[in-house]
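Q: Read off the chains here:
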Amino acid sequence: MAITVPRPNLSWRERLYLPAIVAGLAITFKHFKNMLLGRTKVTMQYPEQKWDANLPDHYRGAPALVRDADGRVRCVACQLCEFICPPRAIKIIPGEIPSTDRFAKVEKYPDAFDIDMIRCIFCGMCEEVCPEQAIFLRKDYAITGFTRADMVHHKEKLLEIGGVMHGVVLKWNEKK
Amino acid sequence: MAEQVSSSPMFNVQIDGVWHQFPKGTRVIEACEQAGSYVPRYCYHKKLSSPGNCRMCLIEMGFPKLGPDRKPELGADGKPIINWMPRPQISCAQDVADGMGVRTNSPLVKECQRGVMEFLLINHPLDCPICDQAGECQLQEFSVDFGTSQSRFFENKVKKPKNVVLGPRVTLDDERCILCSRCIRFCQEIAHDDVLGFVDRGSYTVLTAHPGKRLENNYSLNTVDICPVGALTSTDFRFKMRVWFLKETKSICTSCATGCNTIIGTREDVIYRQTPRENDHVNSCWMCDYGRLNFKFLEAENRLLEPQIRSEGKLVPADWPTAITQAALELKQFSGPEIAIIASGRMTNEELWLTSQVANSLGVQLIDVVPRRGPGDDILLSKDRNPNTNGARLILGSASEPGAKLMGIADAVKSGQIKALVILKENTMHLGIPVEQLAQLPVFIVMNILPNDATEKATVVFPACGFAEKRGSMVNGKGRLQRLNRAVRPPGNARDDWEILRDLLQAIGGGDSVSSVDDVFRRISETVPQFDGLTFAKIGELGVHILQMDELPPTHPVDEEAIEQAIAVQAARRAARPARS
Amino acid sequence: MDSLFIITSLLKILGILFVVILPMVSYAVYAERRVSAFIQDRLGPNRVGPAGLFQPIADMFKLLLKEDFTPRAANTFYYWLAPCLAVMPAIITIAVVPFGSTLFGVPMVIADVNVGILFVFAIASLGVYGIVIGGWASNSKYPFLGGIRSSAQMLSYELSLGLAVVPVFLVVGSLRLTSVVRYQIEHGWFIAPFVGDWANPWKWLLAIPMIISFLVFMIAMFAETNRLPFDLPEAEQELAGGYNTEYSSMKFALYFLGEYAAMITGSAVIVTLFFGGWHFPGIPDGSHGWIFGLINIAVFFAKVAVMIFFFMWVRWTFPRFRYDQLMRLGWLFFFEIALVNIFLVAAIIPFYRS
Numbered sequence: 039m040a041i042t043v044p045r046p047n048l049s050w051r052e053r054l055y056l057p058a059i060v061a062g063l064a065i066t067f068k069h070f071k072n073m074l075l076g077r078t079k080v081t082m083q084y085p086e087q088k089w090d091a092n093l094p095d096h097y098r099g100a101p102a103l104v105r106d107a108d109g110r111v112r113c114v115a116c117q118l119c120e121f122i123c124p125p126r127a128i129k130i131i132p133g134e135i136p137s138t139d140r141f142a143k144v145e146k147y148p149d150a151f152d153i154d155m156i157r158c159i160f161c162g163m164c165e166e167v168c169p170e171q172a173i174f175l176r177k178d179y180a181i182t183g184f185t186r187a188d189m190v191h192h193k194e195k196l197l198e199i200g201g202v203m204h205g206v207v208l209k210w211n212e213k214k
Numbered sequence: 381m382a383e384q385v386s387s388s389p390m391f392n393v394q395i396d397g398v399w400h401q402f403p404k405g406t407r408v409i410e411a412c413e414q415a416g417s418y419v420p421r422y423c424y425h426k427k428l429s430s431p432g433n434c435r436m437c438l439i440e441m442g443f444p445k446l447g448p449d450r451k452p453e454l455g456a457d458g459k460p461i462i463n464w465m466p467r468p469q470i471s472c473a474q475d476v477a478d479g480m481g482v483r484t485n486s487p488l489v490k491e492c493q494r495g496v497m498e499f500l501l502i503n504h505p506l507d508c509p510i511c512d513q514a515g516e517c518q519l520q521e522f523s524v525d526f527g528t529s530q531s532r533f534f535e536n537k538v539k540k541p542k543n544v545v546l547g548p549r550v551t552l553d554d555e556r557c558i559l560c561s562r563c564i565r566f567c568q569e570i571a572h573d574d575v576l577g578f579v580d581r582g583s584y585t586v587l588t589a590h591p592g593k594r595l596e597n598n599y600s601l602n603t604v605d606i607c608p609v610g611a612l613t614s615t616d617f618r619f620k621m622r623v624w625f626l627k628e629t630k631s632i633c634t635s636c637a638t639g640c641n642t643i644i645g646t647r648e649d650v651i652y653r654q655t656p657r658e659n660d661h662v663n664s665c666w667m668c669d670y671g672r673l674n675f676k677f678l679e680a681e682n683r684l685l686e687p688q689i690r691s692e693g694k695l696v697p698a699d700w701p702t703a704i705t706q707a708a709l710e711l712k713q714f715s716g717p718e719i720a721i722i723a724s725g726r727m728t729n730e731e732l733w734l735t736s737q738v739a740n741s742l743g744v745q746l747i748d749v750v751p752r753r754g755p756g757d758d759i760l761l762s763k764d765r766n767p768n769t770n771g772a773r774l775i776l777g778s779a780s781e782p783g784a785k786l787m788g789i790a791d792a793v794k795s796g797q798i799k800a801l802v803i804l805k806e807n808t809m810h811l812g813i814p815v816e817q818l819a820q821l822p823v824f825i826v827m828n829i830l831p832n833d834a835t836e837k838a839t840v841v842f843p844a845c846g847f848a849e850k851r852g853s854m855v856n857g858k859g860r861l862q863r864l865n866r867a868v869r870p871p872g873n874a875r876d877d878w879e880i881l882r883d884l885l886q887a888i889g890g891g892d893s894v895s896s897v898d899d900v901f902r903r904i905s906e907t908v909p910q911f912d913g914l915t916f917a918k919i920g921e922l923g924v925h926i927l928q929m930d931e932l933p934p935t936h937p938v939d940e941e942a943i944e945q946a947i948a949v950q951a952a953r954r955a956a957r958p959a960r961s
Numbered sequence: 002m003d004s005l006f007i008i009t010s011l012l013k014i015l016g017i018l019f020v021v022i023l024p025m026v027s028y029a030v031y032a033e034r035r036v037s038a039f040i041q042d043r044l045g046p047n048r049v050g051p052a053g054l055f056q057p058i059a060d061m062f063k064l065l066l067k068e069d070f071t072p073r074a075a076n077t078f079y080y081w082l083a084p085c086l087a088v089m090p091a092i093i094t095i096a097v098v099p100f101g102s103t104l105f106g107v108p109m110v111i112a113d114v115n116v117g118i119l120f121v122f123a124i125a126s127l128g129v130y131g132i133v134i135g136g137w138a139s140n141s142k143y144p145f146l147g148g149i150r151s152s153a154q155m156l157s158y159e160l161s162l163g164l165a166v167v168p169v170f171l172v173v174g175s176l177r178l179t180s181v182v183r184y185q186i187e188h189g190w191f192i193a194p195f196v197g198d199w200a201n202p203w204k205w206l207l208a209i210p211m212i213i214s215f216l217v218f219m220i221a222m223f224a225e226t227n228r229l230p231f232d233l234p235e236a237e238q239e240l241a242g243g244y245n246t247e248y249s250s251m252k253f254a255l256y257f258l259g260e261y262a263a264m265i266t267g268s269a270v271i272v273t274l275f276f277g278g279w280h281f282p283g284i285p286d287g288s289h290g291w292i293f294g295l296i297n298i299a300v301f302f303a304k305v306a307v308m309i310f311f312f313m314w315v316r317w318t319f320p321r322f323r324y325d326q327l328m329r330l331g332w333l334f335f336f337e338i339a340l341v342n343i344f345l346v347a348a349i350i351p352f353y354r355s
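Chains as they are written, first to last, in our numbering: chain U, 39 to 214; chain E, 381 to 961; chain Y, 2 to 355.
If you are wondering where the hints come from, they were derived from the structure by calculation, not from laboratory data.
Note that the structure is predicted; figures quoted are calculated from it, not measured.
Any given hint could turn out to be false.
What the hints assert, rightly or not - Derived DEER-like restraints, expressed as beta-carbon distance ranges:
1. Gly-890(E) / Ser-249(Y): 52 to 58 Å
2. Cys-161(U) / Asp-660(E): 54 to 60 Å
3. Ser-249(Y) / Gly-109(U): 50 to 56 Å
4. Arg-869(E) / Gly-183(U): 27 to 33 Å
5. Arg-43(Y) / Ile-41(U): 33 to 39 Å
Said to hold, decoys possible - With a cut-off of at most 27 Å between alpha-carbon atoms, the simulated BS3-like pairs for lysine-lysine come out as follows:
6. Lys-763(E) / Lys-129(U)
7. Lys-627(E) / Lys-143(U)
8. Lys-209(U) / Lys-630(E)
9. Lys-539(E) / Lys-209(U)
10. Lys-537(E) / Lys-195(U)
11. Lys-620(E) / Lys-209(U)
12. Lys-620(E) / Lys-143(U)
13. Lys-620(E) / Lys-146(U)
14. Lys-620(E) / Lys-129(U)
15. Lys-537(E) / Lys-209(U)
16. Lys-630(E) / Lys-539(E)
17. Lys-146(U) / Lys-627(E)
In this text, a Cβ means the ideal position worked out from N, Cα and C, and glycines have one as well.
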């Protein structure tokens with residue numbers, strides 16, 4: 039149903055529009071003047087000034103793989119993040135840990151783990167779904183590159199961003 | 381409920397308060413499932429015996445209360461009053477009885493299911509993230525449906541062997557095993573190769589192969605399929621891909637004449653596994669390891685990817701119209717008796733029909749398929765290793781048995797009587813014709829998916845599709861018409877075989893256009909009596925029986941001899957050459 | 002025609018074009034961005050050079066290095082011609098505007114023609130061709146709509162523009178722009194008659210129609226230069242940029258240049274007609290020394306700068322008109338007001354002259 043909005047009845051002064059025009063000019067000039075005199079508070083000058091120290095703990099920056107205190111890459115290539123990732127930014131090729139390895143009991147590891155940062159939307163679903171506490175969104179937000187290939191974070195890069203995570207559950211240590 | 385008159389007596393059974401009728405001999409667990417109340421189960425498998433050892437399928441059961449006159453007492457609704465047994469019963473080892481009452485979701489049943497789940501999970505490791513079964517694991521599913529969300533078990537779990545190699549194709553993780561014994565029973569009852577068993581007692585019971593034996597029969601991978609948890613895993617599929625990524629395409633196995641129904645699991649045009657699909661007319665729930673793993677050649681490095689034509693003595697890549705035109709022009713130089721076509725029993729009905737059309741329009745008489753045989757068994761694997769011998773028999777429609785003319789063709793090529801040879805999806809090298817002689821042929825057209833020595837001598841090469849890359853129909857060794865479906869796209873510029881043959885047929889100038897496999901099938905149904913009234917869609921997922929094998933005339937001894945000779949020649953060639961990489 | 006005249010004329014042309022107008026255009030773009038930013042409580046371009054002063058140079062490099070793209074369906078000849086047509090009239094117009102008194106005895110006007118204002122209108126009207134041809138030659142619907150809007154809008158406001166200046170020439174009695182300036186030096190600026198016989202009450206009465214005349218002329222000038230609130234030809238939100246949608250690189254820059262050059266020329270004409278040109282009370286003309294000649298030029302361009310600021314100020318204050326409103330305003334108000342205004346001035350002049 040169409041709604042008819044009644045037009046306001048304007049007085050002759052209002053119909054002249056001139057007072058409104060002058061008032062409008064006055065408002066914009068006030069802003070111009072305040073800015074010129076430095077009275078207006080403006081935004082932060084980004085590359086020189088940064089807010090990094092004040093980023094909250096729950097800040098969602100670039101996703102990254104972490105190692106635990108033993109130095110083990112926590113990811114076991116379960117591919118749940120690949121499954122949940124809404125923009126399908128993650129690609130994992132699983133591999134089997136050789137029996138001679140220190141962590142052979144974990145059996146499976148990511149042979150390749152690529153996150154396409156052009157696709158990543160920083161939603162944090164990968165962190166949420168991870169059953170191994172292996173992927174976390176870190177505070178890196180300035181992800182740049184000269185080519186599309188540069189923007190794909192490979193496993194080494196992800197581990198470099200991720201670093202070591204303390205205080206995570208070490209369930210594999212209980213295994214034989 | 382209406383009185384039913386049938387040969388086997390029908391029993392009235394009350395399931396969750398509703399009365400149903402089931403024929404005598406129905407298992408209670410099946411009756412419940414048919415009535416819409418799924419009973420969880422681990423050890424029970426409908427194709428195997430029921431040991432009743434997992435205790436997951438517990439239900440409440442009762443029988444009509446009998447009055448002093450030995451007649452059931454009727455309740456207010458006119459139905460018998462049920463006397464419920466105080467203890468729960470397992471539903472998998474019990475047949476229905478008249479007047480039986482079943483409860484599948486009473487508080488007692490739920491409590492039992494919760495308890496059994498808790499016991500099963502006591503020693504089960506929490507390694508779902510690395511377990512290949514995750515996503516199709518009944519332990520996961522029933523834990524969600526019937527279990528509790530939290531574990532009350534704080535003691536240490538029992539440590540058992542992991543990563544045990546049971547056989548060449550099966551790896552066992554004993555910690556994950558819930559001792560349902562399905563695999564043991566499968567080996568005893570279906571594969572007739574009793575190699576698995578339980579050792580040790582109590583919490584320490586483990587599944588293992590008998591000393592000195594391995595699980596290496598040709599059906600070993602079916603144990604992986606029926607394992608409800610991730611204890612038995614396919615060494616081939618292990619850690620390759622999570623099952624929830626796999627696109628499942630219903631198809632059939634083309635490794636022998638049985639034509640087991642399969643599901644092809646693919647992701648992004650890569651085949652990761654084949655699993656059997658239930659079809660009681662063909663393969664029940666099983667398939668052999670040989671057929672199951674016979675898909676790697678589709679991803680071979682040396683696949684033919686581009687059409688090639690011979691130009692100034694060398695094979696050079698060409699586009700499709702050029703290659704097709706070239707082939708047609710070459711073939712039209714010769715009269716029918718100078719041309720021979722060797723087709724394949726691995727081609728679909730549609731491809732064979734188009735091949736026969738090509739032969740007709742060229743006037744070719746010498747056309748046959750390559751016979752292929754190997755040792756068969758009594759379970760599924762057929763002696764005839766061509767999946768569509770019967771299709772060739774029906775569609776090529778020659779008087780002799782498929783394969784009987786082959787050595788004649790080979791001899792004609794050797795004697796120089798044949799000037800133009802078309803070989804479709806077969807390796808010429810196995811026919812005993814020397815490579816030098818092939819090189820002498822003025823026209824030698826090859827359609828295949830992999831190159832071989834003979835391919836290099838061809839004048840035109842068409843890259844074609846493998847079984848998982850195309851649609852089509854085949855007639856299996858028992859005369860059942862079944863469908864192949866496309867699971868992955870062909871690599872490079874390779875094209876569907878039927879499209880190549882259709883284009884070739886048009887370029888030769890015989891036959892109007894057909895735009896799909898369904899169209900080709902319609903043409904077949906118009907010309908071949910056994911296909912009469914069928915369409916491609918009507919074949920359905922489980923196939924249609926179209927050919928009574930016992931009505932076929934017996935193979936003529938001369939034909940049989942010729943086929944045996946062709947097979948002997950092939951075997952000799954294979955033995956003489958190192959295995960193809 | 003002596004050689005001195007040719008040399009001084011060439012010097013004036015080159016000087017005014019390359020030293021004043023073109024830098025002014027580029028810095029007008031910079032000023033526009035800074036002013037708009039300040040009005041919107043932002044900072045605007047402040048990265049390139051001190052306070053972003055080198056931004057126009059960076060912009061120029063950017064525009065030069067961009068891909069010069071010609072749509073396949075475009076009519077290539079007119080597609081290339083249109084940007085030139087857009088920028089030429091705006092620059093040619095400045096020829097008749099006196100931008101200073103005299104410098105070393107040379108009058109600071111390139112061509113002191115006796116039909117000055119007619120020349121201005123004649124040439125400025127050609128500016129519409131740049132837009133119409135550009136819109137048509139692009140062979141794309143948005144530029145086409147922009148071109149149509151532009152032609153209709155220009156036609157409508159050209160009338161008011163012409164009629165609005167008639168009172169000025171009624172009073173001055175000449176179409177020569179230097180005469181207009183000379184008259185204002187002697188009798189005071191038309192909208193602020195403080196100089197000369199300021200005690201004459203008729204003169205103050207005359208200022209009222211002159212102010213009306215000024216307002217109509219200025220608003221019509223907004224429309225002529227396609228600036229807000231009359232920028233319908235290039236309405237970004239509706240037409241995705243209008244006539245210049247399909248243009249890129251230097252051709253787009255030429256359109257941009259043309260728009261700002263037209264704005265500068267328009268301001269120069271307004272200053273000449275209503276604000277006394279290069280005159281400022283108390284500053285003698287160039288015949289008293291070359292320093293005063295320079296100061297006169299500076300005064301003129303200072304006035305132009307104030308006018309340009311006003312153009313920008315208006316742009317970042319008012320919303321765009323709807324098309325029917327624009328037409329209504331042009332044909333039903335400004336046209337009538339300008340017409341009535343002529344009679345008003347004509348009625349006052351006999352008393353004023355007496």
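Q: Within a Cα-Cα threshold of 27 Å, do Lys-620(E) and Lys-143(U) meet the stated pairing?
A: Given pair Lys-620(E), Lys-143(U) holds - Cα atoms ~18 Å apart, limit 27 Å.
Q: For the pair supplied as a hint, Lys-539(E) and Lys-209(U), confirm whether the alpha-carbon distance does not exceed 27 Å.
A: holds, 14 Å
Q: For the pair supplied as a hint, Lys-146(U) and Lys-627(E), is the alpha-carbon distance within the 27 Å limit?
A: holds, 23 Å
Q: Lys-620(E) and Lys-209(U) were given as a pair; does the straight-line alpha-carbon distance stay at or below 27 Å?
A: holds, 23 Å
Q: Indicate whether the distance between the beta carbons of Ser-249(Y) and Gly-109(U) respects the range 50 to 56 Å.
A: Roughly 54 Å apart at Cβ, these two residues keep to the hinted range, so it holds.
Q: Under the criterion that the straight-line Cα-Cα distance not exceed 27 Å, is the pair Lys-763(E), Lys-129(U) satisfied?
A: violated, 43 Å
Q: In this structure, is the beta-carbon distance linking Arg-43(Y) and Ile-41(U) contained in 33 to 39 Å?
A: Holds, since Arg-43(Y) and Ile-41(U) (Cβ atoms, about 37 Å apart) stay within the stated range.
Q: Within a Cα-Cα threshold of 27 Å, do Lys-620(E) and Lys-146(U) meet the stated pairing?
A: Given that 27 Å is the threshold and the Cα spacing comes to 10 Å, the pair holds.
Q: Given the hinted pair Lys-537(E) and Lys-209(U), is their alpha-carbon gap at most 27 Å?
A: holds, 12 Å
Q: Would the pair Lys-620(E) and Lys-129(U) pass a check requiring their Cα atoms to be no farther apart than 27 Å?
A: holds, 13 Å
Q: When you check the alpha-carbon spacing of Lys-627(E) and Lys-143(U), does it fall within 27 Å?
A: violated, 30 Å
Q: Are the Cα atoms of Lys-537(E) and Lys-195(U) separated by 27 Å or less?
A: Violated - the C-alpha atoms of Lys-195(U) and Lys-537(E) are around 37 Å apart, more than 27 Å.
Hints 2, 6, 7, 8, 10, 16, counting from the list given before, are not met by this structure.
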